[in-house]
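Participant: So the chains spell out like this:
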Amino acid sequence: AQRVTQPEKLLSVFKGAPVELKCNYSYSGSPELFWYVQYSRQRLQLLLRHISRESIKGFTADLNKGETSFHLKKPFAQEEDSAMYYCARLSGGYNKLIFGAGTRLAVHP
Amino acid sequence: DVKVTQSSRYLVKRTGEKVFLECVQDMDHENMFWYRQDPGLGLRLIYFSYDVKMKEKGDIPEGYSVSREKKERFSLILESASTNQTSMYLCASSLRHPYEQYFGPGTRLTVT
Numbered sequence: 009a010q011r012v013t014q015p016e017k018l019l020s021v022f023k024g025a026p027v028e029l030k031c032n033y034s035y036s037g038s039p040e041l042f043w044y045v046q047y048s049r050q051r052l053q054l055l056l057r058h059i060s061r062e063s064i065k066g067f068t069a070d071l072n073k074g075e076t077s078f079h080l081k082k083p084f085a086q087e088e089d090s091a092m093y094y095c096a097r098l099s100g101g102y103n104k105l106i107f108g109a110g111t112r113l114a115v116h117p
Numbered sequence: 444d445v446k447v448t449q450s451s452r453y454l455v456k457r458t459g460e461k462v463f464l465e466c467v468q469d470m471d472h473e474n475m476f477w478y479r480q481d482p483g484l485g486l487r488l489i490y491f492s493y494d495v496k497m498k499e500k501g502d503i504p505e506g507y508s509v510s511r512e513k514k515e516r517f518s519l520i521l522e523s524a525s526t527n528q529t530s531m532y533l534c535a536s537s538l539r540h541p542y543e544q545y546f547g548p549g550t551r552l553t554v555t
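If you're matching them up, the sequences are chains A and B in order.
So in our numbering, spot 29 of the first sequence is number 37, and the numbers just go up one at a time.
So in our numbering, spot 54 of the second sequence is number 497, and the numbers just go up one at a time.
Don't take each hint at face value.
Claimed, not checked - One side of the interface only, derived from the structure: several residues of chain B facing chain A at Cβ under 7 Å:
hint, residue
1, 453
2, 483
3, 485
4, 486
5, 488
6, 494
7, 495
8, 507
9, 548
Note that these hints are calculated values from the structure, not bench results.
Since this is a predicted model, take the numbers as computed values, not measurements.
Just so you know, even glycine gets a beta-carbon here, dropped at the ideal spot from N, CA and C.
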């Protein structure tokens with residue numbers, strides 16, 4: 009079964025510290041991977057997708073096929089980055105997304 | 444601006460009741476999805492639909508059914524609510540390729 013694993017339930021850092029939210033996926037050819045984010049009292053929304061190779065709000069994520077990982081990184085965390093982050097991949101049928109369990113990022117002043 | 448709305452933000456129902464959760468999107472999206480969101484489990488897909496009157500089971504369809512009579516509306520039905528269906532329910536929609544899904548605000552359902 010295709011899986012997305014986010015090993016950390018909570019990541020707690022201080023403002024200005026680097027952040028890395030881990031995401032691993034079960035191997036399956038050329039996956040399409042995404043990061044979604046949910047800020048407090050807001051809707052879940054797309055943060056970035058690996059295919060666009062862009063940086064959004066200072067976050068980047070690189071697909072590492074050798075390690076089957078798609079970790080989300082930011083060099084200097086801000087308090088407004090505090091949120092729930094979900095890693096997701098397209099399923100083999102390309103009709104649906106499979107989400108990880110999520111990691112809560114808490115950035116302290 | 445894509446708008447996905449859900450009929451209720453909070454709902455309290457009794458065990459055994461039939462429950463309807465409604466979702467409406469205004470962007471003419473083909474795909475619509477229902478998830479439940481539980482702490483430590485993330486989002487789990489219940490059902491999805493890629494066209495009017497079409498539906499496919501997701502990962503946890505047991506105890507649920509869906510209806511899509513119009514393109515903009517996707518309903519989730521709990522035939523006989525049980526306490527283990529207490530959860531946050533999220534609706535989403537997307538264009539043909541579902542890489543960007545637009546989510547509704549969620550309905551927090553409590554079954555007592």
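Participant: Going through the earlier hints one by one, which of them does the structure break, listed in rising order?
Facilitator: Checked against the structure, the hints that fail are numbers 1, 6, 7, 8, while the rest are satisfied.
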